[in-house]
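Chemist: Here is how the chains run, residue by residue.
2 protein chains.
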Amino acid sequence: MTTLDTAALSQLFSLARTHNGFASEPIPEATLRHLYDLMKWGPTSMNCQPARLVFVTSPEGKQRLAATLSPGNVEKTLAAPVTVIVASDSFFYDHLPTQFPAYDARPIFAGNANLASNTAFRNSSLQGGYLILAARALGLDCGPMSGFDADKLNASFFPDGRYHVNFLCNLGIGDPGKLFPRGPRLSFEETCRIV
Amino acid sequence: MTTLDTAALSQLFSLARTHNGFASEPIPEATLRHLYDLMKWGPTSMNCQPARLVFVTSPEGKQRLAATLSPGNVEKTLAAPVTVIVASDSFFYDHLPTQFPAYDARPIFAGNANLASNTAFRNSSLQGGYLILAARALGLDCGPMSGFDADKLNASFFPDGRYHVNFLCNLGIGDPGKLFPRGPRLSFEETCRIV
Numbered sequence: 009m010t011t012l013d014t015a016a017l018s019q020l021f022s023l024a025r026t027h028n029g030f031a032s033e034p035i036p037e038a039t040l041r042h043l044y045d046l047m048k049w050g051p052t053s054m055n056c057q058p059a060r061l062v063f064v065t066s067p068e069g070k071q072r073l074a075a076t077l078s079p080g081n082v083e084k085t086l087a088a089p090v091t092v093i094v095a096s097d098s099f100f101y102d103h104l105p106t107q108f109p110a111y112d113a114r115p116i117f118a119g120n121a122n123l124a125s126n127t128a129f130r131n132s133s134l135q136g137g138y139l140i141l142a143a144r145a146l147g148l149d150c151g152p153m154s155g156f157d158a159d160k161l162n163a164s165f166f167p168d169g170r171y172h173v174n175f176l177c178n179l180g181i182g183d184p185g186k187l188f189p190r191g192p193r194l195s196f197e198e199t200c201r202i203v
Numbered sequence: 009m010t011t012l013d014t015a016a017l018s019q020l021f022s023l024a025r026t027h028n029g030f031a032s033e034p035i036p037e038a039t040l041r042h043l044y045d046l047m048k049w050g051p052t053s054m055n056c057q058p059a060r061l062v063f064v065t066s067p068e069g070k071q072r073l074a075a076t077l078s079p080g081n082v083e084k085t086l087a088a089p090v091t092v093i094v095a096s097d098s099f100f101y102d103h104l105p106t107q108f109p110a111y112d113a114r115p116i117f118a119g120n121a122n123l124a125s126n127t128a129f130r131n132s133s134l135q136g137g138y139l140i141l142a143a144r145a146l147g148l149d150c151g152p153m154s155g156f157d158a159d160k161l162n163a164s165f166f167p168d169g170r171y172h173v174n175f176l177c178n179l180g181i182g183d184p185g186k187l188f189p190r191g192p193r194l195s196f197e198e199t200c201r202i203v
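Residue numbers (this note's numbering), protein chains in the order written: chain E, 9 to 203; chain P, 9 to 203.
Note that these hints are calculated values from the structure, not bench results.
Model, not experiment: these values are computed from the prediction.
Do not rely on the hints blindly, as some may be mistaken.
Straight-line Cα separation of at most 20 Å, SDA-like style, residue types lysine to any residue; simulated pairs [to be verified]:
no., chain 1, residue 1, chain 2, residue 2
1, P, Lys186, E, Trp49
2, P, Lys186, E, Tyr111
3, E, Lys70, P, Ile202
4, E, Lys84, E, Asp183
5, P, Lys84, E, Leu86
6, E, Lys84, E, Pro34
7, E, Lys160, P, Asn122
8, E, Lys186, E, Ser78
9, E, Lys186, E, Arg25
10, E, Lys186, P, Phe108
11, P, Lys160, E, Val203
12, P, Lys84, P, Asn122
13, E, Lys70, E, Val203
14, P, Lys186, E, Ala110
15, P, Lys186, E, Lys186
16, E, Lys70, E, Pro34
17, P, Lys160, P, Gln71
18, P, Lys84, P, Asp183
19, P, Lys70, E, Leu86
20, P, Lys84, E, Lys70
21, P, Lys186, E, Phe108
22, E, Lys84, P, Val203
23, P, Lys84, P, Ala158
24, E, Lys160, P, Asn126
25, E, Lys160, E, Gln71
26, E, Lys70, E, Gly185
27, P, Lys186, P, Ala87
28, E, Lys70, P, Arg201
29, E, Lys186, E, Leu86
Here are some chain P residues the structure puts well away from chain E; computed CB gaps all over 10 Å [as the list claims (entries may be wrong)]:
no., residue
30, Thr26
31, Gly29
32, Glu37
33, Gly50
34, Pro51
35, Val62
36, Ser66
37, Ala75
38, Lys84
39, Ala87
40, Pro109
We treat Cβ as the ideally placed atom computed from N, Cα and C, and that holds for glycine.
Starting from the given sequences, assemble the full structure and let the hints guide the process.
Modeler: Quick look at the structure:
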């Protein structure tokens, strides 16, 4: 394996930005399926794959979502062609017999609510990171958001209580005119050590 | 922006594997710094950047780490040139005044332990996802792991209690002869819907 070229590294990381405005062109369903077909390969603990995605694209879905958002997130979410609800499945372990055939791992989680909940949170967040980078790899811009009322959103989109929202992410072609100034980043010395 | 080419998408996602054996060549410190300089740009809520990384490379560090691992993770971790401890900083919000200059967001977290802990867990996991994909983008193979004793590891590497381990990730050039069979993935229909 070799390192990706500078243009690819820039598109994924160094020049990518969190967008607050999006062009109105819809994203074809084929692109959403391609997006999932990339991100699904990202590793999860015991291949547990707890992430569940709702691609909100219709005006009705957007209005339902908007009712759960912090005021500052409403306008950009209504404008984005797609908003992804990244959720986690609290019964992800029911899929382990087919997804992790090495041994019967289901009882490890079925009998330990705290482990199951931590595993769902950690791994659906990891998968959320894969989603963001897979979207950028496909030429889409992302606007991830944590400003919403989780209880309201869960009641509206997941009324049976099995799935729980983790975070939201707008997708589309970003409008550079609506970017905020770029935040700084902590240095290697502030965050890393080598032992 | 355009989509990355098939070779890049394969290297990041579709053909990448979780490795269990690694060549012994060390990873230069410059590569670890490059890795951080890519992953640091991944978005976090309010630019909170809670992830803290310990790159364990020395035999002494590896032995200290091995004492905290599940038996199945010891041999591959000792063999990998680098094992990253992906941790989170429980006082990440002390950096918000410099990292998120828009307004004073520190009190939002300083006064709400549950929100702070969820934010640290979600965002350090997201940053762990960025780490894995940045490593692959640089031509490194990854072996992420959740099989360890978190209390023991925290006591050994973070005795002051401020940082908490999230997960571990071996890095190096993978040995294809030590791969396990690839697990399946849940389908779009099982995990996604469009509304």
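Chemist: Please name the hints from earlier in the document that this structure breaks, with their numbers sorted from lowest to highest.
Modeler: Per hint list: 5, 12, 13, 15, 19, 20, 26, 30, 32, 33, 34, 35, 36, 40 violated.
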